[in-house]
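> Model the placement of chains B and C on the given structure of chain A, informed by the hints.
Those sequence lines, one after another, are chains A, B and C.
Under our numbering, the first residue of the first sequence carries the number 1, and numbering increases by one thereafter.
Under our numbering, the first residue of the second sequence carries the number 348, and numbering increases by one thereafter.
Under our numbering, the first residue of the third sequence carries the number 847, and numbering increases by one thereafter.
These are computed hints drawn from the structure, not numbers from a lab.
Everything numeric in this text was worked out from a predicted model, so none of it was measured.
Hints are supplied without guarantee of correctness; some may be wrong.
[Claimed, not checked] Derived lysine-lysine pairs resembling PhoX-like cross-links, with alpha carbons at most 25 angstroms apart: (1) B/535 - B/494; (2) B/508 - B/426; (3) A/148 - C/855; (4) A/214 - B/712; (5) C/1169 - B/652; (6) B/463 - C/855; (7) A/148 - B/652; (8) B/718 - A/214; (9) C/1026 - B/494; (10) B/708 - B/669; (11) C/959 - A/341; (12) B/731 - B/676; (13) C/1161 - B/617; (14) B/494 - B/484; (15) B/652 - B/669; (16) B/820 - C/1169; (17) C/1026 - B/455; (18) B/426 - B/535; (19) B/687 - A/148; (20) C/1165 - B/494; (21) B/836 - B/617; (22) B/664 - B/676; (23) B/484 - C/851; (24) B/676 - A/239; (25) B/624 - B/640; (26) B/467 - B/455.
[To be verified] Listing some non-contacts, in silico: residues in chain B with all C-beta distances to chain A over 12 angstroms: (27) 419; (28) 468; (29) 474; (30) 485; (31) 506; (32) 582; (33) 583; (34) 607; (35) 618; (36) 621; (37) 726; (38) 804.
Beta carbons are placed, not taken as given, at the ideal position from N, Cα and C, and that holds for glycine.
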Amino acid sequence: MNLSKSVIKEPKSLSYELPQTKSLFKNTTFTIVLAIVATLIIGSIVVDSFVDIFNLSRLLRQASILGLITIGMTFVIVGGNGGIDLSVGAIFGLCCVISISLQSETLKNTGSQKFTGIEAPIWAIFLTCILAGALIGLLNGIACTYLKLPPFIATLCMMNIVRGAVMVYTNGFQFIGVRPDFAAISNGFLFDIIPNTLIVLLIAAVIAYFALHKSSYGRKVFAVGANLRAAAIAGINTKRVQISTYVISGVLAAIAAVLYTSFSMSGDPKAGSGYEMDAITAVLVGGTPMIGGKGTVAGSLLGLLFIYLLKNLLTHLDINSYIQQLLTALLMLAVVLVQSKSNRKEA
Amino acid sequence: MGKCVLSVENITKSFPGVTALDNVNFELQQGEIHGLCGMNGSGKSTLLKIITGNEKQDNGKIFVDGNETNFHTVLDSKKAGINMVYQELSLVPYLSVAENILLGNMPKKNGFISYKEAIKRSREILERLGLHINPTKIVEELSVAEKQMVEIAKALSGDTKILLLDEPSAVLTTSEIKSLFKIIKQIKEQGVTVVYISHRLDEVFEICDRVTILRDGKNVGVYNIGDIDVNELVSLMIGRSLVDFYPEIKSYGSENNAMEVINLNNYRLKDISFHVKEREIIGIYGVVGSGQKELTEALFGIDTKELKIDSYKINGKETCIKNPICAIKNGLAFIPDERKQDGIAVSLSIKHNAVLPFLRKVCNKVGFIKKQTENEKVNDLMKKLSIKASNSDVLVNNLSGGNQQKVVIAKWLGKNSNIFICFEPTRGIDVDAKAQVYKVLGDLRESGASVILISSELSEVIGMTERLYIMRKGEFIGELKREEYQEEKIVSLASGLEV
Amino acid sequence: MSILKNLVKNYPGLIILIIVMIIGTSMSPAFLTISNISDILQQSCENGLLAAGMTVVILTGGIDLSVGSNLALGSMVCAMTQAYAGWPLLASIVLSIIVCGTIGFINGLVITKGNVQPFVATLVTMMAARALGLLINEGRPVSTGIPQTFGMIVRTRIGTLMLPAFIWLICIIIVHFFVKRTSHGRALMAVGGNEEAARYTGINVDRTRIIAYTISGLMVGVASAVECSRLLIGEPRTGEGYELLAIAAVVMGGVSMTGGKGSVLGTLFGVLAVGTIKNMLNVANVNMHVQTVALGVIIAISTLIPIFTTYLSEKALRKNSMKMLRN
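Chain A with its partners taken away, still in its complex shape:
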């Protein structure tokens, strides 16, 4: 038979392509940058020394710690299929306690009741915490993939288990006292102005950016989040990819915790409470939808920055911190509603 086109009275076939409506405003990253700039401008007008470099520097020192957690949360949420990590706060608390417990000499001197007798160098402290974070992330990932538990239940249970275990170990008490070299990590400033924690965050952000947006691994994460079944059929090991996002989240929470312990010079088992919600808020505001398959590292961090700036501005304006919380919640509500509307359009 020959390859011949048919001669039938069929309506003209439509090989069309819808026009791409990519107005600049629909680009969420642009919107956030705009929001940040607006906040800075309003802030500088309304408040004295809002754009003060020292104010910002202190703000960034603290925000960077949460920024690490936000990066991890971005990976988990982009991986889709209900992906969320409610246990990051608990992992954070765990690693705070671990990192201070490995500085026994100092603990002994401050009269602490519990110490492990180990005096670990800084790199070992980091390594131990990273391993702990990775292990918990691994367990989270296995629960969500192999055991097929809904992620919010799996990580919610993990949060309780980890937080509870840490509280049992510490009896609810903070440990106080770190070595001076350890304290110097987060309390130092490069060139006297750039906080060390910010440098760590930026390095992590750059690595995360390349991993998520420029590497084959990142492509797999997006593919799994956008359509799990199609990704599996295309030969992607979806379980491995999903588990890896939880491991990343755990590791970043661990690193953030070590930095925080250095900054606060104490190991508080209750540390990190609520950080999971802050991270999720930042990720959402940053334009990453909860259904997965879409999102950016930069967006999440900018979202976090915006929230911090906004809170800072509102605090300077003497606005009640509880009103701030309410506004944040309402902001999240607005973002979530807008996102689901645009998702509906695309589907």
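Okay, now just chains B and C, sitting in the frame of chain A:
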């Protein structure tokens, strides 16, 4: 001649790129069992969608009991007494049989639901059909056949005048089908009109009084069952294909088997054995529900539950395909029937979709994507497949169905797969794109690949393949070489008629 | 035998309860006393109410993470209206119920009309309700000013039991009755079991969901009044972890997280089971933090069990198919 309970006149319905129904007339008489037959793409499902209020016709009128009516929603058609039992069962799994039958209409006493009354009423309905199912049983615990009976009872629980049964026997065993027929006859005795939609022509001949045949969107005949014989029915269904644009087969296939399967068994398939040579296109033809989906998923490692294969050789080597990663490693490619679910992620771009199986080829040693290499490769694929888009960053969601399917194929072209399992590859795409897909498959064959075309569309298996297996109820029941292709014979075999 | 099988399948909470009670009795003679059992029944009040509402929501295939924060808000409203505005008892309670019910209603709206996933929507309302509860009294608890008479409600005895035990039992029975015996209640089961099928029979799916979340909110409202009466304090930071406890009771009660399966009566046993476990751990002087760990483990296991049984039953179905195919 009974009175006419439903009549549709001059119904026309088009979708982008295709006319589904072209001036179709269809009428039902009171109390008859009316068969509706037609091949894939004949317009059958569109006609049903219009009758049940799921779609609105572009032109034409609907008359119920002689009165012109308009259906805006499914509920409208239900109010008019038209109820359909779909292929996908629509029961609530953890409610009882009685509750499912009377869902939305539970009997009340003093404002509260009376279960006693519900059980009584549902028992009456079941008994009227000659069914002995306990109305208090939870639906989830019933067998598939029993679930279907409950569906029918549910459809009859209101004032149903017309009952549409869509491929009811697809999930039933032979003895269950006998029970089904008994029930249909009971229904008929109660004055309900039944439309029996089926590919199983043997059943149509057994149970129906009259039959309407659709082909290519037109009504090509309405007959009393006694006035037509099997061969005439089949020829009417087949007619003359309107599109003949299959690639020419230029060279002979090689002698080596690219894939050889012996006795593949799972929960839906029995003793499937076949082989495909290098540089060969074979077809596996069967009606919808004959087990084709299960076969493709078993071959590609997507569904390996209860799978037992005596021998699965790829290029002469015994392999074990546990998952798609294994399959792809062995050179397999899969073009699925539902591209939006299995083939592509609509929210990602062409580029992101296309490179998934061969990410390693566009990465450097560390794992980072080489942008230029990637763009070149994807643009090259887009050109080869004539994917119409301004660039490779266009979201797949914005492409037409045909172009979306081409992106699915692009994935495997880029991977240089050599065994292509294609399941209904041209479903839901326009004529031009169909031709292009066929051309691609033909080119693949020329370059040495093997293509397994699994489809329920007769014209494409006849036009494209060199050898054909015929599948029915989970088994292969015949193998034909190209010289032996005879449309009537193929359709009859697949439909369960004696040949 | 099949009655027993039926019981296990539909009311796993009862089985768990019996097992826990046996363990508890063997651990301590003080366990199976009337006063201890009364204790369990009375202490389970808040969880019982929250779990009742949570059941309704989960039956539709959703989840309500906002119940803890909502309860804090409700108890603040109850406390403040009495302490600062001198409202009569009944009016305060009614207002709390209305406020919490409204939060529930908003949940329903956001999920249906806003098309937001339940856990995201209720996560957000959880934050908003918490912020609101803190805001209305500037972060301070209401520690004085609530009339003693309000506290007497919770301490009123009927027989050996104090009022809270009756409150939640009655409420849970009412909700059970609602789900079992009204068409709106059946609609809940249908929507959670097979939304398409429900829609095809004319059920208003959106309205059904809104009703579910509103009921959850109303239950929270009652619980907030009880808590306020119990403590005679309005504490904006209360309620942390309450949602997890409620989910534990619901899951143990045999309600499936995917919706459409289970009963409020099952949850009743789940609440008793959770309450008994808590009581046991308290009596055995188990550290409160160990209890938190135990809670996490228990919920994880309880959620895994139905996943596992579904896996088994699907496997059985396939084996059956295979047999039929070869006949």
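> Looking back at the numbered hints, which does the structure fail to meet, lowest number first?
none
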